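Those sequence lines, one after another, are chains A and B.
Position one of the first sequence corresponds to residue 125 (the numbering used here), numbered consecutively onward.
Position one of the second sequence corresponds to residue 125 (the numbering used here), numbered consecutively onward.
Wrong hints could be hidden among the right ones.
Each pair may be met inside one copy or between any two copies, as identical chains are not told apart.
[Said to hold, decoys possible] In silico lysine-lysine, DSS-like type, Cα no more than 25 angstroms apart, as pairs:
id, residue 1, residue 2
1, K298, K480
2, K370, K583
3, K284, K345
4, K466, K246
5, K583, K569
6, K510, K287
It should be emphasised that the hints constitute simulated quantities derived from the structure, not laboratory data.
Since the structure is predicted, the reported quantities are computational estimates derived from the model, not experimental observations.
There are 2 protein chains.
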Amino acid sequence: MLELVDLDKRLDKEVYRETFPALEDELGKCQRAARAAGVPVLIVFEGWDAAGKGTIINRLTQVLDPRGFRVHPISAPTEAERLHPWMWRFWNALPPAGNFAIFDRSWYGRVLTERIEGTVSKRKWQEAYDEIQEFERQLTDAGVVIVKFWLHIDKKEQKKRFKQLEKTPATAWKVGKEEWVHHCKYDKWLEAVEEMIQQTDTACAPWTIVEATQGRFRRVKVFETIIQAVQAELDRRAAQPPPVLKPMPEPVESPTREQTILDRLDLSLSLEREEYEEQLDAVQKRLFRLEHELYVARVPAVIVYEGADAGGKGGNIKRLTRGLDPRGYEVVPVGPPNAIEKSRQYLWRFWRDMPKAGHITIFDRSWYGRVLVERVEGFCTEDEWKRAYREINEMERQLADFGTVIVKFWLQIDRDEQLARFEARQNEAAKQWKITDEDWRNREKWKQYNTAIVDMLTKTSTTYAPWTILEANCKLYARIKALRTVADALESAVEKA
Amino acid sequence: MLELVDLDKRLDKEVYRETFPALEDELGKCQRAARAAGVPVLIVFEGWDAAGKGTIINRLTQVLDPRGFRVHPISAPTEAERLHPWMWRFWNALPPAGNFAIFDRSWYGRVLTERIEGTVSKRKWQEAYDEIQEFERQLTDAGVVIVKFWLHIDKKEQKKRFKQLEKTPATAWKVGKEEWVHHCKYDKWLEAVEEMIQQTDTACAPWTIVEATQGRFRRVKVFETIIQAVQAELDRRAAQPPPVLKPMPEPVESPTREQTILDRLDLSLSLEREEYEEQLDAVQKRLFRLEHELYVARVPAVIVYEGADAGGKGGNIKRLTRGLDPRGYEVVPVGPPNAIEKSRQYLWRFWRDMPKAGHITIFDRSWYGRVLVERVEGFCTEDEWKRAYREINEMERQLADFGTVIVKFWLQIDRDEQLARFEARQNEAAKQWKITDEDWRNREKWKQYNTAIVDMLTKTSTTYAPWTILEANCKLYARIKALRTVADALESAVEKA
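For reference, chain A alone in the conformation it holds in the complex (with noise of 0.2 angstroms):
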């Protein structure tokens, strides 16, 4: 396929000085009006060495308002990243809205450098494909820009430049004994470069290969790509009707809507307080001794809470974490995203805080706010948490890919036992702050929190990240069925690694 790309394209003198100097006005215009319009855009080069991707860079950053630009050179992964899914870092590296990211290399470095280095198992740098597509379908999804260059030169092009770049002392440091591995493999490199257009280059992130071998025919049509992707987005946005936000109707009564899986739950199952003290002591005791062992292994685990109001989720998650080191977990309560959260997508907050290999990391209240109280509330559209289904599977899975542990609670009780627990803390000095007056409304909404409770754990169950109900009325039970839920999927995790 790259074979039939035209190197030989040039732009005269006086054709790229009628051009590119109304672009560079175009350009700076593009990124207020994707400022102002709250678009975030995101650029890749990818290419041959010495293709010209520094230089490119350099100039476009000096037609940007660096107010609204981060540049960001990929190299191999830090220590910390290592420690983290591979794409975690550049979900941490996302724009907030209004704002470009240019990426020198990017996440594509898994299915070229390292995979022609060997540095990942041919499974893996395969699966990547998969996250590469989950990762900016997720993002276009979101109102995301995603521009994609391939800057091209052939091999013998690139030989010459090598040898330009060693005759000056300023620039022979760009080509070292890398550089020159790479080129005598520049074959086995094309043939990646084209599995890699081929199995990337989708209708939400397409890629856009630039003849490179001239500097002004490769500056011409790159400001002229960019342009074009952020208008279309722009126009897009023009001329979409404005989002609908509207809660969630009662749900209409149906038989069919009967007997849910929460229906069918045994809510009287209980425990005395004597057996609960024996019992927590135990598995207390297996959770100290496991998550060291976690340690040692390097696993990671992820830890999900989420259930009705006065559920029992606080104190569920004291008792897991009492008896732990507090260096190897972490509690990360979840609230409403503050502002800096609302201008990237939604998942980008939770992906920032996953655990690294060895720790553990627990989640009151989570990503499924999003098809909760978002979908019930109205606080985002239909057509956004009818996808959140999807990509949270899809971030799950990447977690578990990776060797996370997930395990996944929803904890149940009735709306009698609900009422009396609301009544207790509005009359207990002590306890008042803890009920507000959300909670009663979130209360009045039983039914339509029902539905999406119900939708919500039938498609998010997954073999690799399955939801454990936990019958909350006896608090105690509900402890003691979480506590040993957590060891039993941390002990499975560290025998088998």
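With chain A held as given, fit chain B onto it using these hints.
Using the frame of chain A, we list chain B on its own:
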């Protein structure tokens, strides 16, 4: 000094039962009050191995609302951390207003472990005392509560605990070779601990020595101390009159205020286009070479641009970066702080963006906003901008001690030139976005700004971080002067490195 600590201190079970549950409630209340009042709290746990740091931290986290605290276990710095001044990672860990940050070991590692293990030079760990004092004072001045605990046990007790821990497989890993080496050097450690406490036991951030032999005693004392410290800050804030924020009045005319350093500048200095092109090319080539040499020598550089509106900062920065490799530098544009930045000490966001060794960070506006716009417009209190000179000098000295090259530019134009540029911007369609009502308003405060600028230049030009004033009526002249100044500074740093 520590030999006088009574390590036999104990609490009866009965006294403990009467006291501790109330303290737990109290701490919960305290945390909610701190949250409501926006008080950030730093809690530091230092102490002998096996003195019970982990246990007490775990106990604290059981009581605190997880939405309001974070535990920071501190061990040896990572690679990324070693490429920054050593305090950088602690600046990054600052809690936002209303939150707790709990440190399991801390910045005191520098004068304890690192000192004793000899991983830093004597000069470095002695310097650290100053830096620690500066850090803690800067934070407490900004309303942060700092509570520091030294958990004390004697050598015999430590040995007993090590033996105990070694008995059970679940805890044996806690006592490794390192811990036994520490144990053997107990006396050497003791000397370091005493010196540390003497040097850093300040009124704003005092040490609390905890007799840590008995768990009950330890717990009660730690809880009590935290509650009192937070309460004291809450009381202080409640008693304080509301802060007065008022814009700076127009300075009174006085012969002592005439002929400032700004009046003595020769703003007619200029350069012809042809000469400029030639010199620009030469200095850009030099800069390109130096960027690489800086990288090889692992020297970081900070370049600050401040100047009048329309002074030409943007164009100057573009010429500086045009020839550079984008992997080696970053331009950080500085605007008003966002909500997350406002909730921390004002230098926090600048620390976060400091370059790693071998890299260049160019600040387009900077921390000097505190003593310029914030002072003139009354965005901060008089106390705040008055102490900022010292805080800024301290920060820059810490950077310089780490080997950072610091270049600071003030771009000066006269009032007529500014007016001409404002009008030109207004009249040219492509540049209209560059001029706002705010620019016109600022212009009316020319005299106030002049006073603020002269104060700033005088108080913060230091041997390690001198200001360079650019006569900027002629943009070409200012650019060449700036680029040469940077090149000279980098060159001299590379030579010394």
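With identical chains treated as interchangeable, where does the CA-CA distance between K298 and K480 reach 25 angstroms or less: within a copy, between copies, both, or neither? between (34 angstroms within a copy, 21 angstroms between copies)
For the identical chains here, do K284 and K345 meet the 25 angstroms Cα criterion within one copy, between copies, both, or neither? Within one copy, since 23 angstroms is at most 25 angstroms while 73 angstroms is not.
Please sort K466 with K246 into within, between, both or neither, judging by C-alpha distance up to 25 angstroms. Neither, since 37 angstroms and 47 angstroms both go past 25 angstroms.
Within a copy, between copies, both or neither: which one fits K583 and K569 at a CA-CA cutoff of 25 angstroms? within (21 angstroms within a copy, 61 angstroms between copies)
Between K510 and K287, at a C-alpha cutoff of 25 angstroms, which is it: within one copy, between copies, both, or neither? Cα proximity of K510 and K287: none, with 55 angstroms in one copy and 57 angstroms across.
Given a CA cutoff of 25 angstroms, do K370 and K583 count as a within-copy pair, a between-copy pair, both, or neither? within (22 angstroms within a copy, 57 angstroms between copies)
In this structure, the earlier hints numbered 4 and 6 are contradicted, and the remaining ones agree with it.
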